[in-house]
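Novice: Residue numbers (the numbering used here), protein chains in the order written: chain A, 179 to 310; chain B, 179 to 310; chain C, 179 to 310; chain D, 179 to 310.
Please note: incorrect hints may appear among the correct ones.
Here are the simulated EDC-like cross-link-like pairs (lysine to aspartate or glutamate), alpha carbons at most 20 angstroms apart as the crow flies [to be verified]:
hint, chain 1, residue 1, chain 2, residue 2
1, D, Lys275, D, Glu212
2, B, Lys275, B, Asp264
3, A, Lys275, A, Asp214
4, C, Lys294, D, Asp264
5, A, Lys294, B, Asp207
6, C, Lys299, D, Asp216
7, C, Lys200, C, Asp277
8, C, Lys293, D, Asp256
9, D, Lys275, D, Asp264
10, B, Lys293, A, Asp264
11, D, Lys275, D, Asp207
12, B, Lys306, B, Glu289
13, C, Lys306, D, Glu234
14, C, Lys275, C, Asp214
15, B, Lys200, A, Glu289
16, B, Lys306, A, Asp264
17, A, Lys275, A, Asp207
18, B, Lys200, B, Asp274
19, B, Lys299, A, Asp207
20, A, Lys293, B, Asp207
21, A, Lys293, B, Asp264
22, D, Lys306, A, Asp256
23, B, Lys294, A, Asp256
24, B, Lys200, B, Asp277
25, D, Lys306, A, Glu237
26, D, Lys200, D, Asp277
27, D, Lys299, C, Asp214
28, C, Lys275, D, Glu237
29, D, Lys200, D, Asp274
30, B, Lys299, A, Asp216
31, B, Lys275, B, Glu212
32, D, Lys200, D, Glu212
Partner residues are not named here, just some residues of chain C that face chain D (Cβ under 7 angstroms, in silico) [claimed, not checked]:
hint, residue
33, Ser198
34, Leu199
35, Asp214
36, Ala225
37, Arg255
38, Leu266
39, Leu267
40, Leu269
By construction, these hints were calculated from the structure, which means they are not laboratory data. This one's a predicted model, so the numbers in the text were calculated from it and none came from an experiment. The beta-carbon is built from N, C-alpha and C at its ideal position, and this holds for glycine as well.
There are 4 protein chains.
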Amino acid sequence: MVRIGHSLREAPSMPTKNDSLKRLSAQLDAFAAERDWDQFHNPKNLAMALAGEVGELIEHFQWLTPDEAANLPPATRDAVGLEAADVLLFLLRLCDKLDIDLAAAAHAKLELNAKKYPVSKSRGRATKYNRL
Amino acid sequence: MVRIGHSLREAPSMPTKNDSLKRLSAQLDAFAAERDWDQFHNPKNLAMALAGEVGELIEHFQWLTPDEAANLPPATRDAVGLEAADVLLFLLRLCDKLDIDLAAAAHAKLELNAKKYPVSKSRGRATKYNRL
Amino acid sequence: MVRIGHSLREAPSMPTKNDSLKRLSAQLDAFAAERDWDQFHNPKNLAMALAGEVGELIEHFQWLTPDEAANLPPATRDAVGLEAADVLLFLLRLCDKLDIDLAAAAHAKLELNAKKYPVSKSRGRATKYNRL
Amino acid sequence: MVRIGHSLREAPSMPTKNDSLKRLSAQLDAFAAERDWDQFHNPKNLAMALAGEVGELIEHFQWLTPDEAANLPPATRDAVGLEAADVLLFLLRLCDKLDIDLAAAAHAKLELNAKKYPVSKSRGRATKYNRL
Chain A
179 MVRIGHSLRE APSMPTKNDS LKRLSAQLDA FAAERDWDQF HNPKNLAMAL
229 AGEVGELIEH FQWLTPDEAA NLPPATRDAV GLEAADVLLF LLRLCDKLDI
279 DLAAAAHAKL ELNAKKYPVS KSRGRATKYN RL
Chain B
179 MVRIGHSLRE APSMPTKNDS LKRLSAQLDA FAAERDWDQF HNPKNLAMAL
229 AGEVGELIEH FQWLTPDEAA NLPPATRDAV GLEAADVLLF LLRLCDKLDI
279 DLAAAAHAKL ELNAKKYPVS KSRGRATKYN RL
Chain C
179 MVRIGHSLRE APSMPTKNDS LKRLSAQLDA FAAERDWDQF HNPKNLAMAL
229 AGEVGELIEH FQWLTPDEAA NLPPATRDAV GLEAADVLLF LLRLCDKLDI
279 DLAAAAHAKL ELNAKKYPVS KSRGRATKYN RL
Chain D
179 MVRIGHSLRE APSMPTKNDS LKRLSAQLDA FAAERDWDQF HNPKNLAMAL
229 AGEVGELIEH FQWLTPDEAA NLPPATRDAV GLEAADVLLF LLRLCDKLDI
279 DLAAAAHAKL ELNAKKYPVS KSRGRATKYN RL
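Next comes chain A alone, as it looks inside the complex (with noise of 0.2 angstroms):
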């Protein structure tokens, strides 16, 4: 069984100051502390900025192709480089604010999601895990 409640909590051990999800988020804690911005940075508003992002990540896909969206020139590219950028200092930060630790949350949600879309029922099939 996933324990998630303690899997959300602590991070496997792993040396902190390589990991470059514990590095950025000391460095946003900084960012956002030099310009008082503690003040905004509450959770509902993290959340909101966050999908903000999302939205400006997904307009530079809208009116393509799949195979022009996968072909991308090299300008677009890192265009959405930067929106990708802007998405995980949000999630960062908005899990900071909720003292959850998103490296964690991520190895857990794995865990949990071979156990949902086992090997046998999902090979090659986009269905929803309550449909297999």
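Fit chains B, C and D to the given chain A structure using the hints.
Specialist: Positioned in the frame of chain A, the structure of chains B, C and D alone reads:
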């Protein structure tokens, strides 16, 4: 000057196997390969899946006051953690398919933000950079 | 019983030319035809465009307190009005392409909601229907 | 020149009771009043709820090819219709709380779009207006 194009493609020198983002990317890759899901995981589809997951995350906060959102009961917090995980997993998968190094992009974006939001102008203000 | 399948396809008897949704749909159709944009306006693309516009709308509110959001300065309110318009226009366009009568669907949904949220159980509570 | 401020507030002369948007707004108002839900329906919360519903709508399309998305099986199409209805209902509710006339805003936006996307420049191209 931040050389975006360069910085998005080359990760800072960092031990790969200890980095949570790199480990998650590799695990996602194996997960999708085992299930023959690469056929669904093109960038256009992944951008949509990302938006869908952010929608699920935001729903947890929509009727809460800012105070309530900052003090979630543990069960809600764990549920938000798993939604945040889904956002990260699809974001990583999207970046992989576009050959974007998400951690490098995030570092580049933080450098850009430091220029766009100088402390002297942005202290205590949520104003967007182009109106500072 | 609400016969959804039926009600989504058949609009209530209502004079077409005076209905704002029907007029807007017809105008959108002409607008896209003149510009040869039907090639871009498939349902998958339109769903993405809709998400993008909602992202733009939500950005206006993300750093505001609930009180500030309820008392927008006129310029912001007008900007929000135009974003809301974009949401409606893409939503209508999506529904047209899927042969969905949006007004009929909305009426059907209101009837469903009345059953899912009986006054006696939902009064003063934002709890989702499946937890009432 | 389109006078946005004016046009967002004043609806075109149109018989109210026959207009689907106005009827839906009135029904939503009664629905919320009966359940004492106005306490939750402030613009910030409604903008979030709108984003959540669009997330649910987009999930129906994320793994489909453009062709599959344009040819939904009837059950999926009906489900999409109900999600589209939710988007409209929260959009209308948001506009009501902000005293925005959604139909008038949509008409104003169509006029703006006609100027931003002249047929001669935008025919057959999905390029955003500021790059035309």
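Novice: State for each hint whether it applies.
Specialist: The hints, checked one at a time:
Between Lys275 of chain D and Glu212 of chain D the alpha-carbon distance is near 17 angstroms, which keeps this suggested pair within the 20 angstroms criterion. With a CA separation close to 17 angstroms, the supplied pair Lys275 of chain B and Asp264 of chain B stays within the 20 angstroms bound. For a cut-off of 20 angstroms, the pair hint linking Lys275 of chain A to Asp214 of chain A stands: about 15 angstroms separates their Cα positions. Simply put, Lys294 of chain C and Asp264 of chain D have alpha-carbon atoms about 14 angstroms apart, close enough for the 20 angstroms limit, and the pair holds.
A hinted pair counts as satisfied when its Cα atoms are at most 20 angstroms apart, and Lys294 of chain A with Asp207 of chain B qualifies at roughly 17 angstroms. With a C-alpha separation of about 16 angstroms, the suggested pairing of Lys299 of chain C with Asp216 of chain D holds against the 20 angstroms cut-off. About 13 angstroms separates the Cα atoms of Lys200 of chain C and Asp277 of chain C, which keeps this hinted pair within 20 angstroms; it holds. For the proposed pair Lys293 of chain C and Asp256 of chain D, the alpha carbon gap of about 18 angstroms is at most 20 angstroms, so the pair holds.
With a C-alpha separation of about 17 angstroms, the suggested pairing of Lys275 of chain D with Asp264 of chain D holds against the 20 angstroms cut-off. Note on Lys293 of chain B and Asp264 of chain A: the hinted pairing holds, with a Cα-Cα distance of about 15 angstroms set against a maximum of 20 angstroms. For a cut-off of 20 angstroms, the pair hint linking Lys275 of chain D to Asp207 of chain D stands: about 10 angstroms separates their Cα positions. Straight-line distance between C-alpha atoms of Lys306 of chain B and Glu289 of chain B comes to about 16 angstroms, which keeps the hinted pair within the 20 angstroms bound.
The hinted pair formed by Lys306 of chain C and Glu234 of chain D meets the criterion: a straight-line CA distance of about 15 angstroms does not exceed 20 angstroms. Simply put, Lys275 of chain C and Asp214 of chain C have alpha-carbon atoms about 15 angstroms apart, close enough for the 20 angstroms limit, and the pair holds. Distance check on the hinted pair: Lys200 of chain B and Glu289 of chain A sit about 17 angstroms apart at the alpha-carbon level, within 20 angstroms; holds. As the CA atoms of Lys306 of chain B and Asp264 of chain A are separated by approximately 14 angstroms, the hinted pair is consistent with the 20 angstroms bound.
Only pairs whose Cα atoms come within 20 angstroms are accepted, and Lys275 of chain A paired with Asp207 of chain A is accepted, the gap being roughly 10 angstroms. A C-alpha spacing of about 10 angstroms is found between Lys200 of chain B and Asp274 of chain B, which places the hinted pair at or below 20 angstroms, so the restraint holds. For a cut-off of 20 angstroms, the pair hint linking Lys299 of chain B to Asp207 of chain A stands: about 18 angstroms separates their Cα positions. A C-alpha spacing of about 17 angstroms is found between Lys293 of chain A and Asp207 of chain B, which places the hinted pair at or below 20 angstroms, so the restraint holds.
A C-alpha spacing of about 15 angstroms is found between Lys293 of chain A and Asp264 of chain B, which places the hinted pair at or below 20 angstroms, so the restraint holds. Of the supplied pair hints, the one linking Lys306 of chain D and Asp256 of chain A holds, its CA atoms being roughly 18 angstroms apart against a limit of 20 angstroms. Between the alpha carbons of Lys294 of chain B and Asp256 of chain A the distance comes to roughly 18 angstroms, so the proposed pair stays at or under 20 angstroms and holds. Straight-line distance between C-alpha atoms of Lys200 of chain B and Asp277 of chain B comes to about 13 angstroms, which keeps the hinted pair within the 20 angstroms bound.
Distance restraint check for Lys306 of chain D and Glu237 of chain A: the Cα-Cα separation of roughly 10 angstroms lies within the 20 angstroms cut-off, and the hinted pair is therefore satisfied. Of the pairs offered as hints, the one joining Lys200 of chain D and Asp277 of chain D holds, with about 13 angstroms between alpha carbons and a cut-off of 20 angstroms not exceeded. The straight-line distance between the Cα atoms of Lys299 of chain D and Asp214 of chain C is roughly 12 angstroms, inside the 20 angstroms bound, and the hint therefore holds. Annotation: proposed proximity of Lys275 of chain C to Glu237 of chain D holds, straight-line Cα distance about 17 angstroms (limit 20 angstroms).
At most 20 angstroms may separate the alpha-carbon atoms for a hinted pair to count; Lys200 of chain D and Asp274 of chain D meet this at roughly 10 angstroms. Between Lys299 of chain B and Asp216 of chain A the CA atoms are separated by roughly 16 angstroms; this keeps the pair inside 20 angstroms, and the hint holds. A distance of roughly 17 angstroms separates the Cα atoms of Lys275 of chain B and Glu212 of chain B; the hinted pair therefore holds under the 20 angstroms criterion. Between Lys200 of chain D and Glu212 of chain D, the direct Cα distance comes to roughly 19 angstroms. Compliance with the 20 angstroms bound is thereby established for this hinted pair.
For Ser198 of chain C, the interface hint holds, since its Cβ comes within 7 angstroms of a Cβ in chain D; the closest pair sits about 4 angstroms apart. The beta carbon of Leu199 of chain C is positioned within 7 angstroms of a beta carbon in chain D (closest approach about 5 angstroms), and the interface hint is therefore held. Look at Asp214 of chain C: its Cβ gets to within about 4 angstroms of chain D, closer than 7 angstroms, so that hint holds up. Interface hint status for Ala225 of chain C: upheld, as the beta-carbon distance to the closest one in chain D is roughly 5 angstroms, under 7 angstroms.
With 7 angstroms as the threshold, the beta carbon of Arg255 of chain C comes within range of chain D, its nearest partner Cβ sitting at about 6 angstroms, so the hint holds. At about 5 angstroms, the closest approach between the beta carbon of Leu266 of chain C and any beta carbon in chain D falls short of 7 angstroms, and the interface hint on this residue holds. For the restraint placing Leu267 of chain C at the interface with chain D, the shortest Cβ-Cβ distance is roughly 6 angstroms, inside the 7 angstroms limit, so the hint holds. Annotation: interface hint on Leu269 of chain C holds; nearest CB of chain D at approximately 6 angstroms, less than 7 angstroms.
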